[in-house]
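Given chain A's structure and the hints, the job is docking chain B onto it.
Going down the list, the sequences are from chains A and B. Letter 256 of the first sequence, counting from 1, is numbered 255 in numbering that gives the first Met the number 0, and no numbers are missing. Letter 217 of the second sequence, counting from 1, is numbered 216 in numbering that gives the first Met the number 0, and no numbers are missing.
A portion of the hints provided could be inaccurate.
Stated by the list, open to error - Across the chosen pairs, the derived CB separations fall in these ranges:
#, chain 1, residue 1, chain 2, residue 2, range
1, B, G49, A, Q295, 53 to 59 Å
2, B, D31, A, L265, 55 to 61 Å
3, A, G33, B, S17, 16 to 22 Å
Honestly, the hints are just simulated from the structure, not real lab data. Don't be surprised by glycine CBs; every beta carbon is placed ideally from N, CA and C.
Number of protein chains: 2
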Amino acid sequence: MKEFELIDRLTRSLPANSALVTGPGDDCAVLDLGVSDRMFLFKTDAVVQGVHFTGSEPAEQVGHKALARCLSDVAAMAGTPIAALITLALPSNFDVAYLDKVYSGMDRLARRYDLAIAGGETTTNPERLLISISLLAWVARGRQVMRAGAKPGDALFVSGELGGSLAGKHLEFEPRLSEALWLAQNFTIHSMIDLSDGLAGDLPHMLTSSGVGAEVMSAAIPISSAARRAAKASGTGKTALLAALTDGEDFDLLFTVPSREAVRLLDAWKQQFPSTRLSCIGKISATKGITIRDKQGVRPLTLHGYEHFAQPT
Amino acid sequence: MKEFELIDRLTRSLPANSALVTGPGDDCAVLDLGVSDRMFLFKTDAVVQGVHFTGSEPAEQVGHKALARCLSDVAAMAGTPIAALITLALPSNFDVAYLDKVYSGMDRLARRYDLAIAGGETTTNPERLLISISLLAWVARGRQVMRAGAKPGDALFVSGELGGSLAGKHLEFEPRLSEALWLAQNFTIHSMIDLSDGLAGDLPHMLTSSGVGAEVMSAAIPISSAARRAAKASGTGKTALLAALTDGEDFDLLFTVPSREAVRLLDAWKQQFPSTRLSCIGKISATKGITIRDKQGVRPLTLHGYEHFAQPT
Numbered sequence: 000m001k002e003f004e005l006i007d008r009l010t011r012s013l014p015a016n017s018a019l020v021t022g023p024g025d026d027c028a029v030l031d032l033g034v035s036d037r038m039f040l041f042k043t044d045a046v047v048q049g050v051h052f053t054g055s056e057p058a059e060q061v062g063h064k065a066l067a068r069c070l071s072d073v074a075a076m077a078g079t080p081i082a083a084l085i086t087l088a089l090p091s092n093f094d095v096a097y098l099d100k101v102y103s104g105m106d107r108l109a110r111r112y113d114l115a116i117a118g119g120e121t122t123t124n125p126e127r128l129l130i131s132i133s134l135l136a137w138v139a140r141g142r143q144v145m146r147a148g149a150k151p152g153d154a155l156f157v158s159g160e161l162g163g164s165l166a167g168k169h170l171e172f173e174p175r176l177s178e179a180l181w182l183a184q185n186f187t188i189h190s191m192i193d194l195s196d197g198l199a200g201d202l203p204h205m206l207t208s209s210g211v212g213a214e215v216m217s218a219a220i221p222i223s224s225a226a227r228r229a230a231k232a233s234g235t236g237k238t239a240l241l242a243a244l245t246d247g248e249d250f251d252l253l254f255t256v257p258s259r260e261a262v263r264l265l266d267a268w269k270q271q272f273p274s275t276r277l278s279c280i281g282k283i284s285a286t287k288g289i290t291i292r293d294k295q296g297v298r299p300l301t302l303h304g305y306e307h308f309a310q311p312t
Numbered sequence: 000m001k002e003f004e005l006i007d008r009l010t011r012s013l014p015a016n017s018a019l020v021t022g023p024g025d026d027c028a029v030l031d032l033g034v035s036d037r038m039f040l041f042k043t044d045a046v047v048q049g050v051h052f053t054g055s056e057p058a059e060q061v062g063h064k065a066l067a068r069c070l071s072d073v074a075a076m077a078g079t080p081i082a083a084l085i086t087l088a089l090p091s092n093f094d095v096a097y098l099d100k101v102y103s104g105m106d107r108l109a110r111r112y113d114l115a116i117a118g119g120e121t122t123t124n125p126e127r128l129l130i131s132i133s134l135l136a137w138v139a140r141g142r143q144v145m146r147a148g149a150k151p152g153d154a155l156f157v158s159g160e161l162g163g164s165l166a167g168k169h170l171e172f173e174p175r176l177s178e179a180l181w182l183a184q185n186f187t188i189h190s191m192i193d194l195s196d197g198l199a200g201d202l203p204h205m206l207t208s209s210g211v212g213a214e215v216m217s218a219a220i221p222i223s224s225a226a227r228r229a230a231k232a233s234g235t236g237k238t239a240l241l242a243a244l245t246d247g248e249d250f251d252l253l254f255t256v257p258s259r260e261a262v263r264l265l266d267a268w269k270q271q272f273p274s275t276r277l278s279c280i281g282k283i284s285a286t287k288g289i290t291i292r293d294k295q296g297v298r299p300l301t302l303h304g305y306e307h308f309a310q311p312t
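Next comes chain A alone, as it looks inside the complex (with noise of 0.2 Å):
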């Protein structure tokens, strides 16, 4: 059984009550807690030891990445963090300045957007280290940006480089807290989700969530020079233009805006992001399904779809 397919099985009837306006199925599940002008957002979100991490990078970073993804799935709905407890599942063998470091990698980022770190607990798991982080955030009544809202017509951004990360951005990344605010502030965001499991992963959550398709570019993907590096050096066969839809952990935001917009929103965050790229790849299509156009034509990129369509020539 596929994660999606679990997770399908076990939501399927969960309890709810008047403070749940959305639950799973979004980037975050969304509270109404009795603020009138403020809902908030509540996440949770683990990296394992062998599985996000092996141990051996400088533990700061393994703190960063743990707190970071947490907060790109905040940005993901325009959301404002507030507090975060930290779950510490320890292996029998774990060593205190380890951890400190952990700590303290979580902490610079906690510091740099004002989130709290309000607690937490140690357990023990006794192979591996697990962290796992909940955290609570905050948006304007009415204006968190969902992964539904795609419509027809609109223009699909991309920001940031695709591909690559594990050479060393899924350990460094930002999480693009400012730029999603900024958005959701200056233009009318649609649909947004982050890019945890690559582009040709996470658009079909966007596009299934909104029941409509989308029509992508080849040549307007924005690759990564470390995918591009990869792709080099690899004797795999795996092309940077694979990488960039399938890696994962870009940990970018994925959204669309209508289509009016698009000129005025590349123009304006080139002012405001200059060194972070903005990348109009495609469009929303009232057709499901995804097709792709380059060079040779149009195809459909199905989920499964991308290994074959992405083979050299």
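Just chain B now, kept in the frame of chain A:
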């Protein structure tokens, strides 16, 4: 390094902000989210296979325990739960039917308290199942009951019966949410904590936070029949009193009220919760440390001293 020393070290100077009212060191963190008549409680707690459950219990009980532990911490501050997020860290060989049952154990408990399960995530933990729950709750503004606040002369109470939890209670206990809320609404609760590490483990937390000591009457400690049965059956010489002091996982409430309210409380409790025992087990003293009084006299009970004290004579 002991767990409490580690937590103390890691949480020494965490980032705070204007929303954070109480950080690490109590049963839950307390947040001010700008609601005029409410404060919010934020809590996380995990159970790990092979540590908190074996994996051979009914799966519903594992789900129940995971959520009930977290709710017990909310009860300890007289809170009302709002929403939970569930993190499942899954071993390689996970069984979907088992997870379905874990979820149904949590669901049933959540519905009983109008708690929304707002989402969560699944991740990988190859060797064992880990379930981490984060919880948001509310409390009337200024009415949250902290560990600190016990005053010399206060009467010291405990709900339920202590010891022998592993015989079954640790999988089936009902978090004392209703009792705690009733206490906070009808009495002056100076301090409260839920018993997870045993009376001898948790009473010192309350006393240290409050800067006071306590005199405990040995004969007043409510020893569970499970603890008595275990003491009779075992050849280890561990007395039922020692079990009541140290077994842990009681998930009952330990709290203090001004002595003038003690008799009214005992009477009203009997009316309100006729099937649950309430015991006045001693009083708070200005002198730090814990003394325990029995037929032989008064002796100090230190955190590490109960083993010696409670040896059979």
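Hint check:
no., hint, verdict
1, G49(B) / Q295(A): 53 to 59 Å, "55 Å, holds"
2, D31(B) / L265(A): 55 to 61 Å, "40 Å, violated"
3, G33(A) / S17(B): 16 to 22 Å, "19 Å, holds"
Consistency with the previously given hints fails for number 2 only.
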